[in-house]
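There are 2 protein chains.
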Amino acid sequence: MTIQGEQIIGHAIAKGSQGEVFGVDAATGQALQPAFGGASPADLERACALAEAAFDPYRETSLEERARFLEAIADEISGLGDELIERCCLESGLPRGRVEGERGRTMGQLRLFAGVLRDGGYLDARIDPALPDRQPLPRPDLRLRNVPLGPVAVFGASNFPLAFSVAGGDTASALAAGCPVVVKAHSAHPGTSELVGRAVAKAVQSSGMPEGTFSLLFAAERSIGEALVADPRIKAVGFTGSRGGGTALMKIAAARPEPIPVYAEMSSINPVLLFGGALRERGAEIGRAFVASLTLGAGQFCTNPGLVLAIEGEGLDAFLSAAEEALVASPAAVMLTPGIHSAYTKGVAAVEAHGSVATVAKGQAGETLRGQAALFQVSAADFAKAPELQEEMFGAASIVVTCRDAAEMAEVVRALEGQLTAALHIVAADHGDARSLLPLLERKAGRILVNGFGTGVEVAHAMVHGGPYPSTADGRSTSVGSKAIERFLRPVSYQSLPDALLPDALKDANPLGLWRRVDGRMTAPQG
Amino acid sequence: MTIQGEQIIGHAIAKGSQGEVFGVDAATGQALQPAFGGASPADLERACALAEAAFDPYRETSLEERARFLEAIADEISGLGDELIERCCLESGLPRGRVEGERGRTMGQLRLFAGVLRDGGYLDARIDPALPDRQPLPRPDLRLRNVPLGPVAVFGASNFPLAFSVAGGDTASALAAGCPVVVKAHSAHPGTSELVGRAVAKAVQSSGMPEGTFSLLFAAERSIGEALVADPRIKAVGFTGSRGGGTALMKIAAARPEPIPVYAEMSSINPVLLFGGALRERGAEIGRAFVASLTLGAGQFCTNPGLVLAIEGEGLDAFLSAAEEALVASPAAVMLTPGIHSAYTKGVAAVEAHGSVATVAKGQAGETLRGQAALFQVSAADFAKAPELQEEMFGAASIVVTCRDAAEMAEVVRALEGQLTAALHIVAADHGDARSLLPLLERKAGRILVNGFGTGVEVAHAMVHGGPYPSTADGRSTSVGSKAIERFLRPVSYQSLPDALLPDALKDANPLGLWRRVDGRMTAPQG
Numbered sequence: 001m002t003i004q005g006e007q008i009i010g011h012a013i014a015k016g017s018q019g020e021v022f023g024v025d026a027a028t029g030q031a032l033q034p035a036f037g038g039a040s041p042a043d044l045e046r047a048c049a050l051a052e053a054a055f056d057p058y059r060e061t062s063l064e065e066r067a068r069f070l071e072a073i074a075d076e077i078s079g080l081g082d083e084l085i086e087r088c089c090l091e092s093g094l095p096r097g098r099v100e101g102e103r104g105r106t107m108g109q110l111r112l113f114a115g116v117l118r119d120g121g122y123l124d125a126r127i128d129p130a131l132p133d134r135q136p137l138p139r140p141d142l143r144l145r146n147v148p149l150g151p152v153a154v155f156g157a158s159n160f161p162l163a164f165s166v167a168g169g170d171t172a173s174a175l176a177a178g179c180p181v182v183v184k185a186h187s188a189h190p191g192t193s194e195l196v197g198r199a200v201a202k203a204v205q206s207s208g209m210p211e212g213t214f215s216l217l218f219a220a221e222r223s224i225g226e227a228l229v230a231d232p233r234i235k236a237v238g239f240t241g242s243r244g245g246g247t248a249l250m251k252i253a254a255a256r257p258e259p260i261p262v263y264a265e266m267s268s269i270n271p272v273l274l275f276g277g278a279l280r281e282r283g284a285e286i287g288r289a290f291v292a293s294l295t296l297g298a299g300q301f302c303t304n305p306g307l308v309l310a311i312e313g314e315g316l317d318a319f320l321s322a323a324e325e326a327l328v329a330s331p332a333a334v335m336l337t338p339g340i341h342s343a344y345t346k347g348v349a350a351v352e353a354h355g356s357v358a359t360v361a362k363g364q365a366g367e368t369l370r371g372q373a374a375l376f377q378v379s380a381a382d383f384a385k386a387p388e389l390q391e392e393m394f395g396a397a398s399i400v401v402t403c404r405d406a407a408e409m410a411e412v413v414r415a416l417e418g419q420l421t422a423a424l425h426i427v428a429a430d431h432g433d434a435r436s437l438l439p440l441l442e443r444k445a446g447r448i449l450v451n452g453f454g455t456g457v458e459v460a461h462a463m464v465h466g467g468p469y470p471s472t473a474d475g476r477s478t479s480v481g482s483k484a485i486e487r488f489l490r491p492v493s494y495q496s497l498p499d500a501l502l503p504d505a506l507k508d509a510n511p512l513g514l515w516r517r518v519d520g521r522m523t524a525p526q527g
Numbered sequence: 001m002t003i004q005g006e007q008i009i010g011h012a013i014a015k016g017s018q019g020e021v022f023g024v025d026a027a028t029g030q031a032l033q034p035a036f037g038g039a040s041p042a043d044l045e046r047a048c049a050l051a052e053a054a055f056d057p058y059r060e061t062s063l064e065e066r067a068r069f070l071e072a073i074a075d076e077i078s079g080l081g082d083e084l085i086e087r088c089c090l091e092s093g094l095p096r097g098r099v100e101g102e103r104g105r106t107m108g109q110l111r112l113f114a115g116v117l118r119d120g121g122y123l124d125a126r127i128d129p130a131l132p133d134r135q136p137l138p139r140p141d142l143r144l145r146n147v148p149l150g151p152v153a154v155f156g157a158s159n160f161p162l163a164f165s166v167a168g169g170d171t172a173s174a175l176a177a178g179c180p181v182v183v184k185a186h187s188a189h190p191g192t193s194e195l196v197g198r199a200v201a202k203a204v205q206s207s208g209m210p211e212g213t214f215s216l217l218f219a220a221e222r223s224i225g226e227a228l229v230a231d232p233r234i235k236a237v238g239f240t241g242s243r244g245g246g247t248a249l250m251k252i253a254a255a256r257p258e259p260i261p262v263y264a265e266m267s268s269i270n271p272v273l274l275f276g277g278a279l280r281e282r283g284a285e286i287g288r289a290f291v292a293s294l295t296l297g298a299g300q301f302c303t304n305p306g307l308v309l310a311i312e313g314e315g316l317d318a319f320l321s322a323a324e325e326a327l328v329a330s331p332a333a334v335m336l337t338p339g340i341h342s343a344y345t346k347g348v349a350a351v352e353a354h355g356s357v358a359t360v361a362k363g364q365a366g367e368t369l370r371g372q373a374a375l376f377q378v379s380a381a382d383f384a385k386a387p388e389l390q391e392e393m394f395g396a397a398s399i400v401v402t403c404r405d406a407a408e409m410a411e412v413v414r415a416l417e418g419q420l421t422a423a424l425h426i427v428a429a430d431h432g433d434a435r436s437l438l439p440l441l442e443r444k445a446g447r448i449l450v451n452g453f454g455t456g457v458e459v460a461h462a463m464v465h466g467g468p469y470p471s472t473a474d475g476r477s478t479s480v481g482s483k484a485i486e487r488f489l490r491p492v493s494y495q496s497l498p499d500a501l502l503p504d505a506l507k508d509a510n511p512l513g514l515w516r517r518v519d520g521r522m523t524a525p526q527g
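Read top to bottom, the protein sequences are chains F and B. First residue of the first sequence: 1, per the numbering used here; consecutive thereafter. First residue of the second sequence: 1, per the numbering used here; consecutive thereafter.
Source of the hints: derived by calculation from the structure; they are not laboratory data. It is possible that some hints are incorrect.
With a cut-off of at most 27 Å between alpha-carbon atoms, the simulated BS3-like pairs for lysine-lysine come out as follows [as the list claims (entries may be wrong)]:
#, chain 1, residue 1, chain 2, residue 2
1, B, 251, B, 202
2, B, 251, F, 444
3, F, 444, B, 507
4, F, 362, F, 346
5, B, 362, B, 346
6, B, 385, B, 362
7, B, 15, B, 202
8, F, 362, F, 385
9, F, 251, B, 507
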C-alpha cells in the first residue's frame, strides 16, 4: 500500500508531527487507517521557503518543458491505477463511475494547460515598436508579456477530491502559469490526496523541476491553512468550499501587509428558469431531466440546480408531477462527509419548516449518512420576503418559485445574489421573454445556458466557472477552462530593452512562434 | 465664464448644497472663485441610481457608438480652449506647456480607447463548437465574451488634473468597457473638473447616451467619497493618490456585503539602477538626465525617480558631480497644493535629519509654496537598516544608495516594496549583471526600462502603469494604455444559446468582424 500518512515538502516525504488527520469511510463514518501527520509551523515555513526558492527557476523553464511536466503529472495519476479509485470512492462515498470520470477530467485539465502553454497566447505578448521620428516626442520601444504572480496556495475541495484538489484545476492552472504550489489537503480525503501528491512529486523529479515546485500539507488545525494564506511568500490563493471558509480566507488575505488575490469558489444556487412555452411543450420531460441533474452525485455540485423559477400554468403542473414521480423514486445517497450530511439535513429541515414553503416531494429515506433528496415550492411573492431561502442547501434539495409571468420572474432574478450558472428552458415562442431577461442574467451569473442544467462543467476555452460574489470571491475569473491561468498572471512592460535582454516571448525574431499584438493589431507568428 | 461651481448629476447641472469647495491658486495659496457646492447624500444617491439605470442601455450601445462617444468627449475637451488651460495652470501650478501636453494626452487616451472598441479584441470572444458525437458525452456549444462590471467610481488625482481626473484614463477605460462613471472631483482643481465634466456631459447628450452614463460630484467632506465606494450599485473603483487614501478605499471596498475591486495607484519610488559600465562611460551625462527627470513637473509624477542604486567608483563620482551641478541650478517650483508642499517639505527634512544620510545637493530655494529639489546619499548597508527611507517623498527629492557591487545592489532591490517602474542604465559590458537582476526586477515592478527614466508614460498597447503592492492596490492591472480596459470586465460563458439570442460578438456570422479563439486557436475575422 502506497498510502503512508505522509505529507510532501519538496523532495521530503515524511509524516507530519502536529496532530493527526484521519480519512473517514463516507458510508459508515468509520475512521480509516493510516493516520496522517499534521503539518507544524516549521513544515509550513519549509514548504513556503522552498516554493519561494523554486519560483525563479521554475518560471524560467520553457513553455514546452512546463507542458511536458503537466503531462507527466497526468501520466503519473493514471499510473496510480485502482488504488486511487478505490481509496477515493471510500473517502468520498462517490460511485466508481463518477470517480473514474473525475480522474479523467483531472488528467484532461492538465493536458489542456499543456496545450495552453504550447499556444502561448496566455502571455498576451505585445510590441509597440519605437517611433524615433514622432513629434513632439519620439516613442520608445515598448513590449509587454504576462509573468506569474509567485507561489500559490491551493486548498483542496471536499466535493471534487481529484478535479479541484491536489492536482486539480487550481494547481494545474497555477503550475501552468509558472507558479509553485503549496496545497493544503482537504481533511475529507487525505489518502486520495497523498496518492495524487506522490504522483505530482514524482513528476517534479522526473521532469527535473525545482524542488519547491510542489508541496502537500495535511493540517490537523485550522491555523495552518490560515498561516499559509498569511505567509508573505504566497502571492495568490485558490479555494473551493463554503462561503464561511472562503470569506475567512479573503479577510486574512486583505489584512496582510501586502494584500493578495483570493480565488474562492463558494456558494451558488444556480437558478433554472422555466418559461411558459417550454413548460407547455415539455414540462414533464424537463421535470425528469431536472431531477436527474438535482440528484447527480448526491447533489454535491457547485452548479447543482438549487432554485427553479417557473411560470405558473398547466406546463408547470406537468413539470411538478414528473419531478415528484422521479424524486420519490430517487434513492438516498451517501454524502461526502458526516459534516456535510449533517449540514444538509439541517438546511432541508429549516426550509421544510418555513411557513411559506410547501413540500413537493422527497426522495427515498436511507440509512445513516445518506442524503434524502427534497423539492419544495414557494410563491414568488413569499420568496421575495424570505432572503434566507436563497441560502445554499449543499445537496440534492431545490426550491421551485412559482411566478405569475415573465415580469415577476425578472423581479425574482433581480433580487438574487451572484451565481455560477443560470439555465433557461425555452422554445422559440419564449425567445422574446428570454432576450429581455439576458442582460439581467449576465449581471447575475458567470455562465448562461439554454435547455440544459449547469451540472456538467466542460473543461474548455470558452468555459466560465465563476460568477459575481458570493458565488466566487472574484467574478473577474474562472476556475475551470483555459482562462483559469489568467488568475495567476500580471503584466510587465519592457521599455527600450536590447533584444539580448528581452524574454524570448518578445524578441524580434519571435523564437516562440507566438501570436502577438503589434501596434495593437493581432499578428500571426509569421507576420 | 463657464465655471459656475456646479456639479453634474446626469442631465442636471446645479450647485451642490452640502458645504463648499474652493479652488486654490497653487502659486499663492489664495482661494479662487466661485465656490463649488459639495454633494449631499441625496446627490450621491441620485448619481448612483442614474448610473445603475444607465448601465444596461449604455453597455448595449454598439462598439462604434461608444467609440464615437469617446471621440466626442475628446472633441468637447478640445473645444474648451484656453479657458481650460488657464484654469488648470492656476489650480495646479503646472506650467502651460505641461498642461497643454496633458490635455493632448487626455484626448489621446480617449481616442486610443475608441480604437480599442473598433478592434474589439478586448471582448476576448471565444467559441468552442458543439461536438455532438464526442464519447463518452457530447460537448455542448460554448461561447465566451467579456462584459462590463457595472457602474464605476473614479477619484480624480491631484497630480494629473486632466489625464487622471474627470475624463482621464480611469474614466476613458471604464466608459470604453461599457461602465457608467461617477467621478468624485479632486478638491485641488474643481474648476478644471467642472469644465471637463461639462464637456463629457455635452458628449453624453450629443451622442444620445443614457442620462446616468456620467456624473461629477464635488465633496466638501470625506464621507461622500467613502459612501460612493460603499454604494451597492458601484462595482469597481479607480483611484490615483496617496497610500493612505488608497488603502482607506480598499478597506471600505473589502468590507462591503459584496466586495469590489479597487484599482488604486498609490506610491512608488521607482528605483534607477546605475551599473558600473554605464557609469564609467557616461556617468556625468546620466547625472544631468537624472536631474531633468527628477525635477520635471516639480517631481510630482508617480514615476518620479525617488531612489538611485549605483555601483561605487569613479563613474558614480562623475554622476554625483554632474547631478549636484544640475540640481543647484534647478529653480524651486510651485507645487500642486499647499498640502502637498507641506508634506514634501516635512519628508525632505526627515531624510535630511536622518543619521546615516548625507546631503549631496539642494536646488534653489524659492518663495513660499515652492518645492526645493534635494538629493541625498546613503550606503547600501545603512539603507538596509532604515526601511523608513523607502517612503515616497512626493516631489523632486531622491536618495542615492551606493552599492559595492552588483550583488549588493541585488540585495537592496530584494528588500524594496512593489514599484511602478525600475530603470536600468547599462552598456553592453553590464548585460550580464542586468540579466541576472531582471527576474527580481520583474517581481518588483510593472515596467522595466533601459537607459531612460520612467517619468514619460507612453499611452500605448504594451504599456503597464501598475505594479506590485503598494505601488498599486492590484498589480494584475494597468491604469495607462489599452490594457486598462481589462480592469472593468468579467467573462460570461454562453452554453447552447440559439444564434438569435447570442450577443453579436459571438454569433456564427461574426457580424462585428472580430478575431475570435475558436477551439482555442486565434482565428481571423474571415477565417
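Comparing the hints with the structure gives:
1. Straight-line distance between C-alpha atoms of residue 251 of chain B and residue 202 of chain B comes to about 35 Å, which puts the hinted pair past the 27 Å bound.
2. Proposed proximity of residue 251 of chain B and residue 444 of chain F is supported: the alpha carbons are some 24 Å apart, at most 27 Å.
3. Simply put, residue 444 of chain F and residue 507 of chain B have alpha-carbon atoms about 22 Å apart, close enough for the 27 Å limit, and the pair holds.
4. The hinted pair formed by residue 362 of chain F and residue 346 of chain F meets the criterion: a straight-line CA distance of about 15 Å does not exceed 27 Å.
5. A hinted pair counts as satisfied when its Cα atoms are at most 27 Å apart, and residue 362 of chain B with residue 346 of chain B qualifies at roughly 15 Å.
6. A distance of roughly 25 Å separates the Cα atoms of residue 385 of chain B and residue 362 of chain B; the hinted pair therefore holds under the 27 Å criterion.
7. A threshold of 27 Å between alpha carbons decides the hint, and for residue 15 of chain B with residue 202 of chain B the separation of about 18 Å falls inside it, so the pair holds.
8. With a C-alpha separation of about 25 Å, the suggested pair residue 362 of chain F and residue 385 of chain F falls inside the 27 Å cut-off, and the hint holds.
9. About 41 Å separates the Cα atoms of residue 251 of chain F and residue 507 of chain B, which puts this hinted pair outside 27 Å; it is violated.
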